[in-house]
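On the provided structure of chain L, position chain H as indicated by the hints.
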Amino acid sequence: MTVRTDPGQAPAQAEAAAAAIVASSAAVLTILALDVGGPVRIVVVFGYLLLVPGLATTRAAGFLGSLAVVSLAVVLSLGIDGTIGMALYAAHRFESVLATILVVAVTLTMVFVERVVSAGRPLVPLEPPDDGPGVAPTHR
Amino acid sequence: MRQFAAGDRTAAIGWLLLGGGVAVWLVTLRRITSADLTDVGLVGALPWGHWIGVALVTAAFAVACEARHIPTRLAVSCIVAIAVILYGTPAIIEALPRFNTVYVHLGLIEAITRNERFFPELDARFSWPLFFAAAAMISQLSQVDLMAVAAWVPLATIFAVLPAMWILVNAFANDRRLSFVALWFLLLGNWVGQDYLSPQGMNFILYVWFLALVAWFFRRAPSSRDWVMRVLGKMRLPRSVVVDLTKPSSNVAGARVGMLLIVVALATISAASHQLTPFAMIGASLALVIVGRTSLKSLPILVALITILWVSFAGQEFLLGNLSSLLHDVGNAGGTTGSAIGSRVRGSPGHVFVVLERILFSGAFWGLAFLGILRRLRVGIWDVAAVALAVVPFGIIGLQSYGGEIFLRVFLFALPPMAFLAAAAIFPVSYDRSRLQTVFLVLLSAGMAVGFVIGRYGNERADIVEPGELALTDQVYRTVPQGSLVATVDYNSPIAYRFYEEYHHFELAETVEVLTPEIVAKELDATREGHPAYLFLTNGQERLEDLQGMPSGAWQRLTDALGGSARFHVEVTSDSGTLYRYIPVAAP
Numbered sequence: 001m002t003v004r005t006d007p008g009q010a011p012a013q014a015e016a017a018a019a020a021i022v023a024s025s026a027a028v029l030t031i032l033a034l035d036v037g038g039p040v041r042i043v044v045v046f047g048y049l050l051l052v053p054g055l056a057t058t059r060a061a062g063f064l065g066s067l068a069v070v071s072l073a074v075v076l077s078l079g080i081d082g083t084i085g086m087a088l089y090a091a092h093r094f095e096s097v098l099a100t101i102l103v104v105a106v107t108l109t110m111v112f113v114e115r116v117v118s119a120g121r122p123l124v125p126l127e128p129p130d131d132g133p134g135v136a137p138t139h140r
Numbered sequence: 141m142r143q144f145a146a147g148d149r150t151a152a153i154g155w156l157l158l159g160g161g162v163a164v165w166l167v168t169l170r171r172i173t174s175a176d177l178t179d180v181g182l183v184g185a186l187p188w189g190h191w192i193g194v195a196l197v198t199a200a201f202a203v204a205c206e207a208r209h210i211p212t213r214l215a216v217s218c219i220v221a222i223a224v225i226l227y228g229t230p231a232i233i234e235a236l237p238r239f240n241t242v243y244v245h246l247g248l249i250e251a252i253t254r255n256e257r258f259f260p261e262l263d264a265r266f267s268w269p270l271f272f273a274a275a276a277m278i279s280q281l282s283q284v285d286l287m288a289v290a291a292w293v294p295l296a297t298i299f300a301v302l303p304a305m306w307i308l309v310n311a312f313a314n315d316r317r318l319s320f321v322a323l324w325f326l327l328l329g330n331w332v333g334q335d336y337l338s339p340q341g342m343n344f345i346l347y348v349w350f351l352a353l354v355a356w357f358f359r360r361a362p363s364s365r366d367w368v369m370r371v372l373g374k375m376r377l378p379r380s381v382v383v384d385l386t387k388p389s390s391n392v393a394g395a396r397v398g399m400l401l402i403v404v405a406l407a408t409i410s411a412a413s414h415q416l417t418p419f420a421m422i423g424a425s426l427a428l429v430i431v432g433r434t435s436l437k438s439l440p441i442l443v444a445l446i447t448i449l450w451v452s453f454a455g456q457e458f459l460l461g462n463l464s465s466l467l468h469d470v471g472n473a474g475g476t477t478g479s480a481i482g483s484r485v486r487g488s489p490g491h492v493f494v495v496l497e498r499i500l501f502s503g504a505f506w507g508l509a510f511l512g513i514l515r516r517l518r519v520g521i522w523d524v525a526a527v528a529l530a531v532v533p534f535g536i537i538g539l540q541s542y543g544g545e546i547f548l549r550v551f552l553f554a555l556p557p558m559a560f561l562a563a564a565a566i567f568p569v570s571y572d573r574s575r576l577q578t579v580f581l582v583l584l585s586a587g588m589a590v591g592f593v594i595g596r597y598g599n600e601r602a603d604i605v606e607p608g609e610l611a612l613t614d615q616v617y618r619t620v621p622q623g624s625l626v627a628t629v630d631y632n633s634p635i636a637y638r639f640y641e642e643y644h645h646f647e648l649a650e651t652v653e654v655l656t657p658e659i660v661a662k663e664l665d666a667t668r669e670g671h672p673a674y675l676f677l678t679n680g681q682e683r684l685e686d687l688q689g690m691p692s693g694a695w696q697r698l699t700d701a702l703g704g705s706a707r708f709h710v711e712v713t714s715d716s717g718t719l720y721r722y723i724p725v726a727a728p
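Taken in sequence, the protein lines are chains L and H.
For the first sequence, the numbering used here gives the first residue as 1, with consecutive numbering after it.
For the second sequence, the numbering used here gives the first residue as 141, with consecutive numbering after it.
Any given hint could be a false lead.
[Claimed, not checked] Residues from chain L that keep clear of chain H, each with C-beta distances beyond 12 Å, as calculated:
(1) Ala23
(2) Tyr48
(3) Ala60
[Unchecked claim] Chain L is nowhere near these chain H residues, computed Cβ spacing over 10 Å in every case:
(4) Ala235
(5) Gln283
(6) Arg575
(7) Gln615
[Unchecked claim] Ranges of calculated distance between the beta carbons of each label pair, as one might list FRET restraints:
(8) Glu457(H) / Phe112(L): 37 to 45 Å
(9) Val43(L) / Ile441(H): 38 to 46 Å
(10) Val43(L) / Asp700(H): 50 to 58 Å
(11) Ala23(L) / Arg213(H): 43 to 51 Å
(12) Pro724(H) / Pro39(L): 28 to 36 Å
(13) Gly490(H) / Ala23(L): 53 to 61 Å
What the hints contain is simulated information worked out from the structure, not anything from laboratory work.
Just so you know, these numbers come straight off a predicted model, no measurement behind them.
Every residue, glycine too, gets a C-beta built ideally from N, C-alpha and C.
So that you can see chain H by itself, here it is in the shape it has in the complex:
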């Protein structure tokens, strides 16, 4: 009776902390503009209530984890609350969906709905169009404004990932404390921000479900005859204990067939919607087969066949056009690493700090996961499946640079098993539980929450999209004749969010500090193929150039020079930017 009372008191404290944290976060939220942001992004613009809120929710979660009988409702509520705070805040405090690429994707979807066809000749993404086709069809049939929902997609994506993660973690351990902390670390660790309105966002959900179903429903119990167990057995490690994992309900006759069909469906949806994820699925399923942790031994071959079929059918145009550049990256791990990391450590001091923080955060997270492996080994548990799934995404580095983004994708694909292993660094097993571990969880979570905001929202000064820029873009559509060339100095404008296929979008090759009206004219003449040409400069582009280290005054010099040039005429201007019409020199 006394024990129940103590448990109730603990839960009550947890609920109070949670309620207080959410309330403080909510009441101190306020709208922000780009003027509130610095080169380190959102971290400096968030109100004090955000941090108090994070601290109180973390404390509530720690209270839940500290309890002998972990209160499920409290733990789940804390996880939901921290997800809303970390992933939902920008949707509330910014006027429009953030991130330029969201607007490109809105443009691709709008092009499909207006023309009711794809344009594979214009963009490689149309060769993997399932996501865009789904979004276009849903918006056409339901008449929902995707712009209105785009800001909430990251939160919806992470909510869809959490149940899959829960099942995946149960493939590694039958320990609810460890499972909850793994979910917690998945939320705090996911700084890469690939969960916006995009094929890769949807594919992250597909990928985690794929891992969960293959590793959980088709799990194969370790046998002493497995080569992995024999190798581990020869090492001077603690004697292995038998982990008593719960059994999936798929043992019910017939359910395995249904689940297998769903696994194949997930792989097929992925193959038709994203270039990279199917390869991660092949690697993950192959890794589980090699370490003997799944009964689906033919699955890697099946997923590979599905992927090859799709690439040779719908992706053929892209493949033939880019074969040499794709093959160039194969085996060039050093070059890929250089392009993915080295080229990013540049820009303003604030931006360099953000990039270094991301590298440090990723390294520390992986280090924590390594510590988790060691701590589990110390008590005799060999997480072979989790380690295999955490390591295998790194193999992609040797295959592709993915436009310099490969480390982001590697981090993302490795995140679910890494989050489990990182959680194991604190709570390796349920029976081994102390106040010190809880204190460590709180301190680590606080540090990770700050690191998450810096890493994920560190480019917010460039990523924020302001209503003025969108209004100016709408004016551009009314002014510029279709078929024209629209040039920008970088990609950071919402110029492609409508009429994607009607204009030729072009980024100037030279950097702002060397650009003059003559150089701009030369680049436009070399590209426009007789079509009218325009130069569109916005505040968003200027902010990105600032982050990337543009010398002070360079932007003003360029706009002054363009304003005084006879070859550029101001067509539209506002506080958010200017559209210049290029006046070519008449042919003699």
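Pulled out of the complex, with its shape left as it was, chain L reads as follows:
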């Protein structure tokens, strides 16, 4: 299996990012399966649903994590959560564990796409390059 590496990001860091997404997915599944309540559930599950599916998607699309990516990841996460929620509510089949499994499945699919399907293609930054001094050569 070819493992993909990011420019400016060591292979170990790329592995760590994927591992963090997988680990957080496992944590969320565990919390829902054991029906853990309280602040732990609020912080972990709320944070996960708001960020991680979209973050995995932006990485699968080929973009490095950054502050700008976080913003894009949030709207994509809402889109993924909303699509799964719409399907389950419309079908009158909503169950917390099922919904969580579907979100995690989409997230892990994105990790698979990033690590395996697109392996070898480097991740690139989303933002425009920083021009350093701040006085960009606007004209020539």
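Positioned in the frame of chain L, the structure of chain H alone reads:
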């Protein structure tokens, strides 16, 4: 070496000003109630420290912009600080999330979580349910109390918009000073307040990301063969200069495919969550294609297809029920303008001042953007893409009145490119920089900050929701049997924040000054279809009626008359309002 020292000193002054401004703002904050508010809203209730804080943060930002090598961390920190001050203050000083519509949306979300289904027959918003489904699912799975986070949604929304705006501005110019000022003006100009817990708030983020990705990642360099360039070339304008824009990383093979999929995903999420934004996306992408500034020539057709598919599938029920009223607005730009502006200039003197200020603020902001176009033209830069994106939202006026709110939406959709062009009015290019421009930036920012607070929080006397009103609403839920009709004199109460689908909500048609117990009874009889009926009057409704010009004493006359009427029985009462049970006349 001397230059570095001077730069460090400048940055140190900026950090001191910024720290001082935030500290003064924080320590002078205090809780407010509706009693602190007047008909001009929050502007009179804010402590002096708020204005000192805004002034010092503005000064710090000006220091950053004045520097030859703009200190990025200082500029970004100033932008974050002004966002927190302008968008976060109500969340800190008010006890509950502001704005009635937030409570309606909380009610829609609560109805979904309790029933685990949608109700498209009750509300058109259920035909575009993605936002509500996402919120319902997140609150169900994480057990987060959405009421607790709702007050912070405007700040979170604007923070999510800023990175997209940064990328969008880079599609127009490679100039960090101009980019930072554009972000600054986006914050100071966004008085329309559509960023609360709502589909349109989420869609504003989607829209700016859509613009940013299409205009930046799929940018097409201008060519002398483009019709726009040929037309501009024939005009007596300064000779065009070549703007050396940075190149997106999407040139890396494969990244364009990923980004294209994300652009399509954004359009699809929008089509499933909001009625209007997909049309703005079609217009914006079409405008960029027409002026030759994007390589995605088929994108408008694709977004249109996605939108039509959604409307004909999920929005069919709404479309068939409202087709005649929707078609009535098409081409009726004059009527739409009248309903959006003319009908709003009424009410108490304070409220009329606020409405006029909003019109003046919007006009001045657009005027500043026009000045920016001229100043950039003067140095030979034609911002065709920015101008196209700024102008195209105005086309929606000819299509829809959107319940009289269309100008708010037009202002919002045009805001990102307008903010860029307004920034260009002060700093058209980096090399052209003087102390006078910085002074102008400070003065303009100070004026805009005041104008922003008046425009955005001008209805705060009505928009504030007090704990007593919410407690009374909870009592109403315990008292009123499900299936009953609950009437109010206007929309300004949190009555729909729970059990949305269990009650028939109804606003009385007549205004307070003409209402009598007999007229109320007549309206209830005509609507209740045999169900029990209640009249719910709250302080929030009274405050909104006051803003809208209710004659003095009219409210008291109505409540006195209801109290003395045999057809209305007081079921629940508190300092925040009263619930009356309607006693119908027995059939002979």
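> Which hints, by number, does the structure contradict?
Replying inline: 2, 3, 5, 11 and 12
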